[in-house]
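Visitor: Line order of the protein sequences matches chains W and B. For what it's worth, the numbering used here labels the leading residue of the first sequence as 1, then goes sequentially. For what it's worth, the numbering used here labels the leading residue of the second sequence as 1001, then goes sequentially.
Incorrect hints may have been included.
[Stated by the list, open to error] Derived pair list, reagent style DSSO-like, types lysine-lysine, alpha-carbon separation capped at 30 Å:
hint: 1; chain 1: B; residue 1: 1124; chain 2: W; residue 2: 206
hint: 2; chain 1: B; residue 1: 1195; chain 2: B; residue 2: 1082
hint: 3; chain 1: B; residue 1: 1195; chain 2: B; residue 2: 1111
hint: 4; chain 1: W; residue 1: 262; chain 2: W; residue 2: 206
hint: 5; chain 1: B; residue 1: 1218; chain 2: W; residue 2: 206
hint: 6; chain 1: B; residue 1: 1195; chain 2: B; residue 2: 1149
hint: 7; chain 1: W; residue 1: 206; chain 2: B; residue 2: 1149
hint: 8; chain 1: W; residue 1: 324; chain 2: W; residue 2: 262
hint: 9; chain 1: W; residue 1: 337; chain 2: W; residue 2: 259
Because the hints were derived from the structure by calculation, they are not lab data.
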Amino acid sequence: MLERLPSSWNLARLRLVVQLFTFFLTVWGSTVLGYYAADKISTALPALSCAYDQQNGGYCVLIPLQHQMHHRIGEALVKAQQISQQVLLPTLISLGSFALFFFVLGKAFCAWVCPLGTVQEWLNRLGRRLGLQQNAIAPRATARVRPWKWLILLSLVFAVPLAAGMGVAPHSLGNPYCDVCPSRVVTTLLTGNVDEFAVNESSWLKFALGAVANTLFGFVVIAALALRQPFCRICPMLAMNAMLRHASLTRLVKRQSDKCDKCGICHKACPMDIHEIHTEHGRKAFHEDCTLCGRCAEYCPDDGVISIRFGPWAVFQSSRNYYKQRVKNESPNGDPKPIRIVRKKDAADLA
Amino acid sequence: MACLGLAGAILSLALTAPALAHEAHEGGRSPSRASWSSQPLLQSAGRPGERGAQAFRVAGMSDAELRVFAPESPGQSVLADKQGDGWQVAALAGSQGGYHWLLAERSESGKVLRAATIWSFPGKGSSPQGLLQTPLAGLDLRPLRVPEKGAFRENSSWSFRVTWNGLPLPGRDVFLETENGSRQRFVSGSDGVVKVLFPADYPADAIDPALGAVRTRKAYLLSVAHETEGMQHLSTFSQFYSPALLRERSLVWGAVFAGVGMLLAAPLIRRREKKHA
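All chains, please: the whole structure from these sequences, using the hints.
Guide: Take a look at the structure:
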């Protein structure tokens, strides 16, 4: 489908245009859409579009989920009331909105929409331009990193807010994930608001949460210069998006090919260091860490082995010709190729 | 200093003049007033009741009627039932909650008094944009925007529009009074819009430790007067404002911890080794 784009375009450029658009929408979108929740795209986006940024055009599903755990379900359990429709409905609406968005675009929210993902990607490009050595996470080490996103989702998004609602944990732990989320700091700073960068000193707990948030923010900003998508690897939204990835219309498909054994370029191209994209095929190749950026499909040198599908249609699929064009501009691991300046005559000779 | 004192006295006289005139006209009846303002003031009272119903009382105005406007139909109002010395108001039937415009009004010979506020009832509700862009006939004062998340805060600027029969009223004095004791005068521009900078007037000990700067709040009131065809019109808008968040937050600590994070990531930063031929 995307092969019909003009020759100067490729999937990465298309993604950049989408990222620029969604970045504006998720950070400053209220200037176009309107300021109030009713005007926004949704209050349950599967991307870290921060609700603390008052100029955003739609916000992240994680904040209503934490509030519902805290104020609805937790408090209702304590009062020993029946889990009525009144209690569950708001949670179901949040999860339902999320599922609706997710059903259409799936994990593409991570690589095409999330503003924090975009910022990290741009920082990494800057790091490469500055000539910094790039780091990758080895297959063995990924096994240690991957559980963290599930742990953060279960503890900071569900369990702790629920405990706060039940009175077991302090009230100030009502939305602990937001309190430590670097996207909150990044997106509010981008709107010129320093309130979220400042650390709350009113209690030791708030101070500790602020300290974690800013340390994480500082770490991500520097680490992203030398490591692709450092925060995405532990992001609870990645875990949320992973749960239903096989049910989504938009998904990654890899078919078995004998040539894959000796290749592995797709693994080098993957910004999340997912080695399974090289070693597996079928359902296992569409890994829980995949952000659907499409780089593996772009850099697969074989026709039709890896594709991004929307329902029954292949939106993009790997091809040898595309690969040849793509590596002229950027190596699979993300290094930009130096711009070649050639005289007209030499260019004609080369041709 | 003497000039400042004189200016303060003139300002305080200007602020109290309409209310003094009103009191004289009441002919001995003495409607209860807010302790910090002599102007008509519509305010919530107590905590929300069942299904988010909220009690409201008006000070500085007696025998008023309260009209409620829902965001879904900003031009239509419903008269609230009086209960005791105030009203118990819930989101209007057919509304999904959210911001409602409340207007207490009293007309008498030679004078029209209005006290308005905006209140968010439980539920996501429709956007209040329609409510804020639909001025009523007569003298109207309403914000161009209200905070959806967070609050009006110290040191932040918010715009309000003064209209007369729906048309902008330029060059009009708009007075701000706060529960913390500030008194300021602003003037509406050619489009009737007045930009109000909320004063940083919270005393250091006024932040409730249990609520923090996020939820501590005090009332403010904006008032504007207009006289036409022998009728005096006085309209007020009141709501709450909160302390600046930076009062209990530290940018220095923010920078320190961001620096710690950067240092932790520093081992990842290495210059790429140049390939030798």
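Visitor: Give a verdict on every hint.
Guide: Against the structure, the hints:
Of the pairs offered as hints, the one joining residue 1124 of chain B and residue 206 of chain W holds, with about 28 Å between alpha carbons and a cut-off of 30 Å not exceeded. At roughly 34 Å between alpha-carbon atoms, residue 1195 of chain B and residue 1082 of chain B are farther apart than 30 Å, so this suggested pair is violated. Distance check on the hinted pair: residue 1195 of chain B and residue 1111 of chain B sit about 27 Å apart at the alpha-carbon level, within 30 Å; holds. The suggested pairing of residue 262 of chain W with residue 206 of chain W is violated, with an alpha-carbon distance near 52 Å, which exceeds 30 Å.
Restraint check: the Cα-Cα separation between residue 1218 of chain B and residue 206 of chain W comes to about 24 Å, which is no more than 30 Å; the hinted pair holds. Restraint check for residue 1195 of chain B and residue 1149 of chain B: satisfied, since their Cα atoms lie roughly 20 Å apart, inside the 30 Å limit. Proposed proximity of residue 206 of chain W and residue 1149 of chain B is supported: the alpha carbons are some 19 Å apart, at most 30 Å. Pair hint residue 324 of chain W plus residue 262 of chain W holds up; C-alpha atoms about 18 Å apart against a cutoff of 30 Å.
With a C-alpha separation of about 26 Å, the suggested pair residue 337 of chain W and residue 259 of chain W falls inside the 30 Å cut-off, and the hint holds.
The structure is inconsistent with the numbered hints 2, 4, although it conforms to all the rest.
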